[in-house]
Amino acid sequence: MFDAVIYIGHGSRREEGNAQFKRFIESVMEEVACPKQEIAFLELTNPTIAEALENLIAQGAKRFLIVPVLLFSALHHKLDIPEELRAVQKKYPFISFKMTEPFGTHPYMVDLVVKRIQAEKHEKNTAILLVGRGSSHLSPIQELQQIGKQVERKLDIPVYSAFLKLGKPSLEEAMAFLPYRYKKVYVMPYLLFTGLLLEKIKESVFSSKDTFAICPNLEFDALMKKALIKRMEEACDEEAISGNDKAKRENSFA
Numbered sequence: 001m002f003d004a005v006i007y008i009g010h011g012s013r014r015e016e017g018n019a020q021f022k023r024f025i026e027s028v029m030e031e032v033a034c035p036k037q038e039i040a041f042l043e044l045t046n047p048t049i050a051e052a053l054e055n056l057i058a059q060g061a062k063r064f065l066i067v068p069v070l071l072f073s074a075l076h077h078k079l080d081i082p083e084e085l086r087a088v089q090k091k092y093p094f095i096s097f098k099m100t101e102p103f104g105t106h107p108y109m110v111d112l113v114v115k116r117i118q119a120e121k122h123e124k125n126t127a128i129l130l131v132g133r134g135s136s137h138l139s140p141i142q143e144l145q146q147i148g149k150q151v152e153r154k155l156d157i158p159v160y161s162a163f164l165k166l167g168k169p170s171l172e173e174a175m176a177f178l179p180y181r182y183k184k185v186y187v188m189p190y191l192l193f194t195g196l197l198l199e200k201i202k203e204s205v206f207s208s209k210d211t212f213a214i215c216p217n218l219e220f221d222a223l224m225k226k227a228l229i230k231r232m233e234e235a236c237d238e239e240a241i242s243g244n245d246k247a248k249r250e251n252s253f254a
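Note that our numbering has the sequence shown beginning at 1, numbered continuously upward.
Keep in mind that the hints are not guaranteed to be accurate.
Restricting the straight-line Cα-Cα distance to at most 27 Å, the calculated cross-link-like pairs of lysine-lysine (DSS-like) are [as the list claims (entries may be wrong)]:
id, residue 1, residue 2
1, Lys22, Lys226
2, Lys225, Lys202
3, Lys124, Lys209
4, Lys168, Lys202
5, Lys115, Lys183
6, Lys183, Lys149
7, Lys98, Lys165
8, Lys98, Lys115
9, Lys154, Lys225
10, Lys78, Lys226
11, Lys22, Lys209
12, Lys184, Lys124
13, Lys115, Lys165
14, Lys149, Lys184
15, Lys124, Lys149
16, Lys90, Lys115
17, Lys209, Lys115
18, Lys90, Lys36
19, Lys36, Lys124
20, Lys202, Lys121
21, Lys78, Lys115
22, Lys183, Lys209
23, Lys230, Lys98
24, Lys209, Lys230
25, Lys184, Lys200
26, Lys36, Lys98
27, Lys202, Lys124
28, Lys154, Lys226
29, Lys22, Lys62
30, Lys200, Lys22
31, Lys115, Lys230
32, Lys36, Lys115
33, Lys226, Lys98
The following label-pair restraints were derived from C-beta to C-beta distances [to be verified]:
id, residue 1, residue 2, range
34, Asp156, Lys90, 49 to 57 Å
35, Glu233, Lys200, 30 to 38 Å
36, Gln118, Pro82, 32 to 40 Å
37, Gln89, Pro179, 50 to 58 Å
38, Arg181, Tyr92, 53 to 61 Å
Calculated directly from the structure, the hints in this document are not laboratory data.
The model shown is predicted, which means the values in this text are computed figures rather than measured ones.
Quick reminder that beta carbons are idealized off the backbone N, C-alpha and C, glycines included.
With the hints as extra help, turn the sequences into a complete structure.
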């Protein structure tokens, strides 16, 4: 169905974050049965989406699976990436695209949050605070809250959500009222990689009283890899794109 794959990251001002993303995608590439695979970024670093596309087009690729490595569907997924794809398609009208869904509320992402919390949580009378970036779109706000509810059911611990930029409550608001209810609150940054937002959460937690402890962020775990590959298979109409059977791997993107 597809003869090339492009994985799109947001891009970070911190090279450490970009390096984490590249290492994660390279590990995904090893399991995906497609000879032509490229990494691209929305902003702040190279290659751009257009550069990655043109490189693969020069190699003969025509049918592209576009994989936005994004937590939720918001402006980048709904507007920015499609606009860039259309601009390249206008120049090369013979090419075609199909785009995968973001991670969203995939069960593997819920399992990853549970894994991070269980590695840190040791005390009773506790709560969890999931902290996301926030969005001007309602769906990312609601999806993080849905993840929180599923984590709450799995762990039988109260889970709250807060947001760094757009969304209520803010991180500061949540950190103001939760100490009145719980002896300990474990803060889980729902962020993909190291960056300025993660540093902001860490600073808030470390400058607070002993009530708060921080869990690791998502950090491109193996569960996230499974979720991303599943999203790719969904775009391929559930056709397996990884595995150990050589014949299946060679024919998956035919």
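Outcome of the hint check:
Distance check on the hinted pair: Lys22 and Lys226 sit about 16 Å apart at the alpha-carbon level, within 27 Å; holds. As the CA atoms of Lys225 and Lys202 are separated by approximately 25 Å, the hinted pair is consistent with the 27 Å bound. For the proposed pair Lys124 and Lys209, the alpha carbon gap of about 17 Å is at most 27 Å, so the pair holds. Proximity of Lys168 to Lys202 is assessed by CA-CA distance (about 19 Å); at most 27 Å being required, the pair is judged to hold.
Proposed proximity of Lys115 and Lys183 is supported: the alpha carbons are some 21 Å apart, at most 27 Å. Only pairs whose Cα atoms come within 27 Å are accepted, and Lys183 paired with Lys149 is accepted, the gap being roughly 21 Å. For the given pair, Lys98 sits about 30 Å from Lys165 by alpha-carbon distance, which is inconsistent with the 27 Å threshold. With a CA separation close to 32 Å, the supplied pair Lys98 and Lys115 exceeds the 27 Å bound.
Restraint check for Lys154 and Lys225: the C-alpha separation of about 21 Å stays at or below 27 Å, so the hint holds. About 23 Å separates the Cα atoms of Lys78 and Lys226, which keeps this hinted pair within 27 Å; it holds. For the given pair, Lys22 sits about 36 Å from Lys209 by alpha-carbon distance, which is inconsistent with the 27 Å threshold. Using a Cα cut-off of 27 Å, the hinted pair Lys184 and Lys124 holds, with the two alpha carbons roughly 8 Å apart.
The straight-line distance between the Cα atoms of Lys115 and Lys165 is roughly 26 Å, inside the 27 Å bound, and the hint therefore holds. A hinted pair counts as satisfied when its Cα atoms are at most 27 Å apart, and Lys149 with Lys184 qualifies at roughly 19 Å. With a CA separation close to 19 Å, the supplied pair Lys124 and Lys149 stays within the 27 Å bound. Taking the CA atoms of Lys90 and Lys115, the gap is near 45 Å; set against the 27 Å cutoff, the hint is violated.
The hinted pair formed by Lys209 and Lys115 meets the criterion: a straight-line CA distance of about 25 Å does not exceed 27 Å. Under the criterion of a C-alpha separation no larger than 27 Å, the hint pairing Lys90 with Lys36 is consistent with the structure, at around 22 Å. Simply put, Lys36 and Lys124 have alpha-carbon atoms about 50 Å apart, too far for the 27 Å limit, and the pair is violated. Note on Lys202 and Lys121: the hinted pairing holds, with a Cα-Cα distance of about 17 Å set against a maximum of 27 Å.
Restraint check for Lys78 and Lys115: not satisfied, since their Cα atoms lie roughly 30 Å apart, outside the 27 Å limit. For the hint linking Lys183 to Lys209, the alpha-carbon distance of about 11 Å falls within 27 Å, and the restraint holds. Between Lys230 and Lys98 the CA atoms are separated by roughly 15 Å; this keeps the pair inside 27 Å, and the hint holds. Only pairs whose Cα atoms come within 27 Å are accepted, and Lys209 paired with Lys230 is rejected, the gap being roughly 41 Å.
For the given pair, Lys184 sits about 20 Å from Lys200 by alpha-carbon distance, which is consistent with the 27 Å threshold. A distance of roughly 15 Å separates the Cα atoms of Lys36 and Lys98; the hinted pair therefore holds under the 27 Å criterion. Simply put, Lys202 and Lys124 have alpha-carbon atoms about 22 Å apart, close enough for the 27 Å limit, and the pair holds. This hinted pair checks out: Lys154 and Lys226 have alpha carbons roughly 20 Å apart, not beyond 27 Å.
Straight-line distance between C-alpha atoms of Lys22 and Lys62 comes to about 24 Å, which keeps the hinted pair within the 27 Å bound. A distance of roughly 23 Å separates the Cα atoms of Lys200 and Lys22; the hinted pair therefore holds under the 27 Å criterion. Taken as a hint, the Lys115 and Lys230 pair is honoured in the structure, with Cα atoms around 19 Å apart against an allowance of 27 Å. At roughly 33 Å between alpha-carbon atoms, Lys36 and Lys115 are farther apart than 27 Å, so this suggested pair is violated.
Of the pairs offered as hints, the one joining Lys226 and Lys98 holds, with about 20 Å between alpha carbons and a cut-off of 27 Å not exceeded. Distance hint for Asp156 and Lys90: a CB-CB separation of about 53 Å, consistent with the stated range 49 to 57 Å. Look at Glu233 against Lys200: about 35 Å separates their beta carbons, and that is inside 30 to 38 Å. Taken as a hint, the range 32 to 40 Å holds for the pair Gln118 and Pro82, whose Cβ atoms sit roughly 38 Å apart.
The hinted window of 50 to 58 Å between Gln89 and Pro179 holds, with their beta carbons roughly 53 Å apart. Taking 53 to 61 Å as the suggested C-beta distance range, the pair Arg181 and Tyr92 conforms, at roughly 57 Å.
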